[in-house]
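Asks: The primary structure of each chain is shown beneath.
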Amino acid sequence: MGKKIKINLVQHEEIGIAAALIAVVIIFGIADPAFVSGANLVRLFRQACILGIMAIGVVYVIMCNGIDVSVGAILAVSSTIAAQMMISGHHVVIAVGSAVVAGSFLGMLNGLIVTKLGIKELIATFAASYIIRGLLLQISGAKWLTNLPREFTFLGQGSVAGIPVPFFLLLAVLAAGYIFSNYTPIGRQVKAIGGNAEAAVLSGISITKIKILTFTVCGFAAGVAGVIYAARMGSVQSNAGEGMEFEVISAAMIGGADFNGEGSPVGAFLGALLLTAIKNGMVILGVSSFMEGVVTGGLILLALFVNMFRGKYENSLEVAGNE
Amino acid sequence: MNKKIKTLPRELCLIMIFAVICAAMTAGNPKFLTAGNFKNIILSNFEIGLVCISMTCVILTAGMDMSVGSITGLTNMLTGIFAVNMGVDIPAAILLALLGGLSVGVLNSIMVIKLENSNPMIITIGTMVLVRAICRLLTEGWTISGFDKSFKAVSYGKIAGINNTILLLFVLMFAGQWMLKRTTWGMHLYAIGNNEQSTYFAGVNVKKVKFAVYMFSAFMSSLAGIFLASRMMTSYPDSGDGYHMEAIAAIVIGGTSISGGEGNMIGTLFGFLIIASLKNGLGLMGVSSLTQMIFIGVVLIVTILINNILKQQHEKKGLLMMKKNG
Amino acid sequence: MKKRVIAVMMMVMVTVAAVVSGCGTKTSDNSPKTENRDDEGQTAETEKKEYVIGVAPKMVGSPYWDYANEGCKKAGEDLNVRVELQASTTASAEEQASIIDNYITMGVDAIVVASNDETTLLPALERASEAGIPIITYDSDVPDSDRLYCIAGNTQVGLGEMMAAELVDIMGESGEVAFMTGSLGAYNHNQILEGYKNILKEYPDIKIVTTVESGDDQQQAFVNAENLLASYPELKGILGVAAGETPSAAAAVEQAGKSGEVAIVGAATPNSVKEYYENGTLERTVLWDPYAMGYIAVKVAVGHLNGTEPAEGDVLYEGGEGIKIDEDKNLYIGTTVFTSENINEFDF
Numbered sequence: 001m002g003k004k005i006k007i008n009l010v011q012h013e014e015i016g017i018a019a020a021l022i023a024v025v026i027i028f029g030i031a032d033p034a035f036v037s038g039a040n041l042v043r044l045f046r047q048a049c050i051l052g053i054m055a056i057g058v059v060y061v062i063m064c065n066g067i068d069v070s071v072g073a074i075l076a077v078s079s080t081i082a083a084q085m086m087i088s089g090h091h092v093v094i095a096v097g098s099a100v101v102a103g104s105f106l107g108m109l110n111g112l113i114v115t116k117l118g119i120k121e122l123i124a125t126f127a128a129s130y131i132i133r134g135l136l137l138q139i140s141g142a143k144w145l146t147n148l149p150r151e152f153t154f155l156g157q158g159s160v161a162g163i164p165v166p167f168f169l170l171l172a173v174l175a176a177g178y179i180f181s182n183y184t185p186i187g188r189q190v191k192a193i194g195g196n197a198e199a200a201v202l203s204g205i206s207i208t209k210i211k212i213l214t215f216t217v218c219g220f221a222a223g224v225a226g227v228i229y230a231a232r233m234g235s236v237q238s239n240a241g242e243g244m245e246f247e248v249i250s251a252a253m254i255g256g257a258d259f260n261g262e263g264s265p266v267g268a269f270l271g272a273l274l275l276t277a278i279k280n281g282m283v284i285l286g287v288s289s290f291m292e293g294v295v296t297g298g299l300i301l302l303a304l305f306v307n308m309f310r311g312k313y314e315n316s317l318e319v320a321g322n323e
Numbered sequence: 324m325n326k327k328i329k330t331l332p333r334e335l336c337l338i339m340i341f342a343v344i345c346a347a348m349t350a351g352n353p354k355f356l357t358a359g360n361f362k363n364i365i366l367s368n369f370e371i372g373l374v375c376i377s378m379t380c381v382i383l384t385a386g387m388d389m390s391v392g393s394i395t396g397l398t399n400m401l402t403g404i405f406a407v408n409m410g411v412d413i414p415a416a417i418l419l420a421l422l423g424g425l426s427v428g429v430l431n432s433i434m435v436i437k438l439e440n441s442n443p444m445i446i447t448i449g450t451m452v453l454v455r456a457i458c459r460l461l462t463e464g465w466t467i468s469g470f471d472k473s474f475k476a477v478s479y480g481k482i483a484g485i486n487n488t489i490l491l492l493f494v495l496m497f498a499g500q501w502m503l504k505r506t507t508w509g510m511h512l513y514a515i516g517n518n519e520q521s522t523y524f525a526g527v528n529v530k531k532v533k534f535a536v537y538m539f540s541a542f543m544s545s546l547a548g549i550f551l552a553s554r555m556m557t558s559y560p561d562s563g564d565g566y567h568m569e570a571i572a573a574i575v576i577g578g579t580s581i582s583g584g585e586g587n588m589i590g591t592l593f594g595f596l597i598i599a600s601l602k603n604g605l606g607l608m609g610v611s612s613l614t615q616m617i618f619i620g621v622v623l624i625v626t627i628l629i630n631n632i633l634k635q636q637h638e639k640k641g642l643l644m645m646k647k648n649g
Numbered sequence: 650m651k652k653r654v655i656a657v658m659m660m661v662m663v664t665v666a667a668v669v670s671g672c673g674t675k676t677s678d679n680s681p682k683t684e685n686r687d688d689e690g691q692t693a694e695t696e697k698k699e700y701v702i703g704v705a706p707k708m709v710g711s712p713y714w715d716y717a718n719e720g721c722k723k724a725g726e727d728l729n730v731r732v733e734l735q736a737s738t739t740a741s742a743e744e745q746a747s748i749i750d751n752y753i754t755m756g757v758d759a760i761v762v763a764s765n766d767e768t769t770l771l772p773a774l775e776r777a778s779e780a781g782i783p784i785i786t787y788d789s790d791v792p793d794s795d796r797l798y799c800i801a802g803n804t805q806v807g808l809g810e811m812m813a814a815e816l817v818d819i820m821g822e823s824g825e826v827a828f829m830t831g832s833l834g835a836y837n838h839n840q841i842l843e844g845y846k847n848i849l850k851e852y853p854d855i856k857i858v859t860t861v862e863s864g865d866d867q868q869q870a871f872v873n874a875e876n877l878l879a880s881y882p883e884l885k886g887i888l889g890v891a892a893g894e895t896p897s898a899a900a901a902v903e904q905a906g907k908s909g910e911v912a913i914v915g916a917a918t919p920n921s922v923k924e925y926y927e928n929g930t931l932e933r934t935v936l937w938d939p940y941a942m943g944y945i946a947v948k949v950a951v952g953h954l955n956g957t958e959p960a961e962g963d964v965l966y967e968g969g970e971g972i973k974i975d976e977d978k979n980l981y982i983g984t985t986v987f988t989s990e991n992i993n994e995f996d997f
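Chains as they are written, first to last, in the numbering used here: chain A, 1 to 323; chain B, 324 to 649; chain C, 650 to 997.
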């Protein structure tokens, strides 16, 4: 009984975004079959990894009625640390580990500022992004970090059995997120907080602890994404990740996340995939870059409409079910 | 009774913070405290100030409008297209540009009302991306210049020896404060922010208020775009970039809560002045832009902390008083 | 009652402040120089007072600009002048205009500016001229202002034309070409694109297939390049506008195994692309020495304040070539085409 209900839940939340994704693929595929070639689809998945991992990370923050606009800055820190350590000759594992730990730490700091200092998430993470970027540029100067060694860039450029390595990382994050959301008590608590914070507190959930956790997870995800970012090109520019935050949040929300406890890692990934597919498709179709923003913006609004209808549909289903 | 105790020190605190910052900036460079410099501060931040006024109202209702910068960009470009590219008279061009901006406002309003499940933040992020793309699409990214010299008067004109924009900013800020505290309209904004459901049940037409507030936001953003075009005598597609976050920062420093129902326009005015003075003062001291970022981030956190502490203290006082009075 | 009194008091205070700031203007606008001299007069014993040069580059936080900024500062050191350097982190024209206004308030002796947009900056520069402050532009000119000289390797359009010419030289006179730009809303990027088109339209067998923008994001540039290579298998040439496009394009071409098949030409700092010369992915990049450019810009400004003007053929920077000056007072310091032969000589 239990398992069946959970599977139904999954189908419901992600069905909208999955449908949109399939529609886009079909439309682009008809317009230019090169879009749906095996090579391009593989490329698409590889390209969506950075955005996808970050979107999965931010989903939990959003579900708890929060937001994080410092993810771009955290990615920059993580990329820089990974690249710098590789250049200094450290082992891949150490470089990657440091980067991810740094990301998690910054995420945790965000969580502490929000909970212990009582500053609202939007402003807290906005201030944090300014401070983090300012410090990063001061400390590292604006140098490009280039020529990263092969054992590191493998993480971004390599493939195993034809599947890009970053995608394995994404799947790992996705799986972890899925299990966390649906099968662990903490995961359910996250949803509860978003749904009704007061009730959650009354039932003994520690909002402080959960919020800190969600921000740390978000930082962790940005840390992993930062490693892939550096590994993809084998170099890191000083303005890495600038402006990514709204794309990340859009991906998560197109995927169904909202401030009331709705949201899923799978949806976030699909949202990221959709946004990446649009960019990829527009180049292949030769559509002017100017149109990209129009399509992306239009899509966000469309997704919101779909969410609304889905909400009404669910409500009527419930009503029907109760009779 | 509670209200009195809350508002009294909060604004004084802001004045004190502003005074401290001014003192520090002056110590860094005495030229900060000159009349000419203050004029620069207001002039160059005027457009953001306009947006702050309307954003305060939006945030009071527990809403958010992320598209303000993009609307500014849109009217900025439209003014150029009509006045320069199409040779329309300046007043008519301004009107047409305004219409363009307001239509985005209509879009925002309708969607915020219809999409009840969705947070206004994400809705307006959608319009933000869409409208910004349109800004660049209009001229394929090129800037527009060649305005008739008379257009300068919009931003640089003077009334009784005082700059248009300085006058306008303060008048609008005070008018806004009056509107918030002395009209039913203002009362409704607070009520909706505090508890939308009970406000609805109390008979207020919540939808109408929301519609008006997002239209107001679009209107002020549109004005900002037009003034910006006059100040720069150019239209450029990325104009207004970042306005949404700067406005939010100013408003929050001024004590308005993002979750709505709390705050006022005087606070916003000081929040605006504080951020603008910091940017200017640090610049005059030769502080690098990177360090400025760190400064502003820290000031943001510190002032919010102070706001929170004050709020807590007064809530405690209020509770104590309630206990006392039985 | 109390609340009302406080509110009224505050309104009065702020209104007074506004009126004061609105009314008092003439004093600080007209005499920055004299104010400055009064301040410095006490300390300067030497015959040359310390000039303050207000440098306003396009931005901070990119290797090209940070290198140019170092050049400006070095010139300040060498010439015993104080260099103030401020810029936005996002190449914002609005912010730059504010910075110019700040410099006027500070009473700098000269302004050296690389404009983010030549029309947006004009009102601010006009105010500077009214205040009697001489202006030198570099990298990106503001031709309608009262600027004395513009120091550059080349004009933006000219740079684009150079790059396109080099590309045709490598790839031949036929084939598909794509443009990769940083921002479709950036004036100087669009000027470079114009330069490309000026040259390429002379070759009827060269087809420009598309223009993609990266939003100045390195990762996006890389993804764009990947997608380009995939969608246009016959692609023979890529032209990269901004400093971040060329290395990203090179990385994509290399990873797609197409080194040598697709010609790439762009404006990039040597350090960011050295590795691609080694494996043949890149053959030519075009740039000038930003350090020298920044250095010379400040030097010319100081020279003007001291009464000397630059002349054709002067070598203003050690190891540089003689400058060329045209009738519009554009000062050209020379562009370098980086090939595998000379790229390792440079470290920026």
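If you're looking for bench data, these hints aren't it; they were derived computationally from the structure.
A hint or two may mislead.
In silico lysine-lysine, DSSO-like type, Cα no more than 30 Å apart, as pairs [what the hints assert, rightly or not]:
| # | chain 1 | residue 1 | chain 2 | residue 2 |
| --- | --- | --- | --- | --- |
| 1 | A | K116 | B | K639 |
| 2 | B | K475 | C | K978 |
| 3 | B | K639 | A | K209 |
| 4 | C | K723 | C | K698 |
| 5 | A | K120 | B | K634 |
| 6 | B | K472 | C | K698 |
| 7 | A | K143 | A | K191 |
| 8 | C | K722 | A | K143 |
Asks: Does each hint fit the structure? Answer for all of them.
Replies: Each hint, compared with the structure:
Restraint check for K116/A and K639/B: the C-alpha separation of about 18 Å stays at or below 30 Å, so the hint holds. As the CA atoms of K475/B and K978/C are separated by approximately 29 Å, the hinted pair is consistent with the 30 Å bound. For the hint linking K639/B to K209/A, the alpha-carbon distance of about 25 Å falls within 30 Å, and the restraint holds. Distance check on the hinted pair: K723/C and K698/C sit about 18 Å apart at the alpha-carbon level, within 30 Å; holds.
With a C-alpha separation of about 14 Å, the suggested pair K120/A and K634/B falls inside the 30 Å cut-off, and the hint holds. Between the alpha carbons of K472/B and K698/C the distance comes to roughly 39 Å, so the proposed pair goes past 30 Å and is violated. With a C-alpha separation of about 42 Å, the suggested pairing of K143/A with K191/A is violated against the 30 Å cut-off. With a CA separation close to 18 Å, the supplied pair K722/C and K143/A stays within the 30 Å bound.
Hints 6, 7, counting from the list given before, are not met by this structure.
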